[in-house]
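Going letter by letter, the sequence shown gives residues -18 to -1, 1 to 366 in mature numbering (1 follows the signal peptide of the UniProt record, and there is no 0).
Please note: incorrect hints may appear among the correct ones.
[Said to hold, decoys possible] What follows is a list of derived Cβ distance ranges for each label pair:
no. : residue 1 : residue 2 : range
1   : Gly173    : Gly277    : 30 to 38 Å
2   : Ile86     : Gly48     : 16 to 24 Å
3   : Ala341    : Gly106    : 51 to 59 Å
4   : Pro104    : Ser205    : 35 to 43 Å
5   : Leu107    : Arg351    : 21 to 29 Å
6   : Ala34     : Ala73     : 22 to 30 Å
7   : Glu346    : Ala163    : 25 to 33 Å
8   : Gly164    : Ala348    : 29 to 37 Å
9   : Arg224    : Gly277    : 26 to 34 Å
Read the hints as simulated data drawn from the structure, not as lab findings.
Bear in mind the structure is a predicted one, so any value in this text is a computation, not a measurement.
Backbone N, C-alpha and C fix where the C-beta goes; we use that ideal spot for every residue, glycine too.
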Amino acid sequence: MTRHLFVLLLAAAAPASAQLLPALPPRIGALPGQVLGAVDRVADAAPRTLAAARIDRIAALVRSSGGRVVRDDRGDAAVAGEVVLTDPTDAALAALTRDGFRLIEREEVEGLGVGYARLAVPAGLRLDRALARARRQAPSIAADVIHFESGRLAASIAMPSSPPAAAGPMVGMIDGGVADAGVRQQGFAGGAPRPSDHGSAIAWLIGRGAPGARVVAADVYGSDPAGGGAVAIARAIGWLVRSGVGTVSISLVGPPNPLLARVVAAAQARGMTIVAAVGNDGPAAPPAYPASYPGVVAVTGVDARGRVLIEAGRASHLDYAAPDTGFAAPDARGRMRPVRGTSFAAPLIAARLAAVGRARVDAEAAAGRGYGRGLVCGACVPGR
């Protein structure tokens, strides 16, 4: 059993949010049977460890949000004290109002014709119980669920800069803000647009997949502890459609949501290609959204040796794989930092699709187990 296999399997013992490989064990001179037994135990524990890391991540967000984020009836993170009804009718809103809910806003996602209403839950009622009550009047009502970034940046390292490229395709992204002043941005959360490490790395990677790409960024996080909600993402998709963006990268993961499902379908009907990461909660985790919505291009990530990451999540389908570790990308201060996570694979696929189209990407894709249609952009990033 090789040193590399130990590193790969023991990564499962670290929280998925950390995205860092642990140190090797001090003693690896064990007998072959002992080594294989230890590896089997670590591999067997990986799904449980990653599932626990997902629960811990939600709990940490709830604790740090100052009351802005709670768990919904499925245990997912959601905006506190609010529920969302897709395509609300006057009758449904009247019934909910009589039941103690208060209308916050009734809007339409501009450009897509999808309506929604945000309602405050009755005073003193927990969100999970409020959802149960509201569904008696409106079965499709849901929480404004929070979506998480699906990758992390490690400590900074020195890397040479690349020369500017000629103008390329327009590519949208829904993430945090971007530090690059040349990127057109719009905010959909309090304090947005605000440069973020994750968003800045995603924008840079779009440029690696399609040199000279014109990046259009929707910041759904800003400085809001409850940023990344389904309503914010839905509004961001509508803005990108109105801005004429044909391909969008989303490196965020969350649970299914009725409003977001409707908006994704409406955007696709208008010709938009949506590319999304499958997340880092492991193959035993629930399917990741928006990657699992029909027609969304779902992307997993591979390491420098072409192996799908042990912590890579899953979707209801898989389209492509791309590199997501073994290289560095810039943070919001321009420092090059090693990255890990399926977040960093999705923008490469989105960029290639925008630059050359689906048929050419399929022709470029290298076949491999767990790659979907194939591995794309294997040489797009330095160090690979």
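Here is how each hint holds up against the structure:
Distance hint check for Gly173 and Gly277: the Cβ-Cβ separation is about 32 Å, which falls inside the suggested range of 30 to 38 Å. At about 19 Å, the CB distance of Ile86 to Gly48 agrees with the hint of 16 to 24 Å. Taken as a hint, the range 51 to 59 Å holds for the pair Ala341 and Gly106, whose Cβ atoms sit roughly 57 Å apart. Evaluation of the 35 to 43 Å hint for Pro104 and Ser205 yields a failure: the beta carbon distance comes to about 29 Å.
At roughly 49 Å, the beta carbons of Leu107 and Arg351 sit outside the given window of 21 to 29 Å. The hinted range of 22 to 30 Å is not satisfied by Ala34 and Ala73, whose Cβ atoms lie roughly 44 Å apart. The hint said 25 to 33 Å for the Cβ distance between Glu346 and Ala163, and at roughly 32 Å that hint holds. Gly164 and Ala348 have their C-beta atoms about 32 Å apart, which keeps the hinted 29 to 37 Å range intact.
In this structure, Arg224 and Gly277 break the distance hint of 26 to 34 Å, their C-beta atoms being roughly 20 Å apart.
In summary, the numbered hints that this structure violates are 4, 5, 6 and 9.
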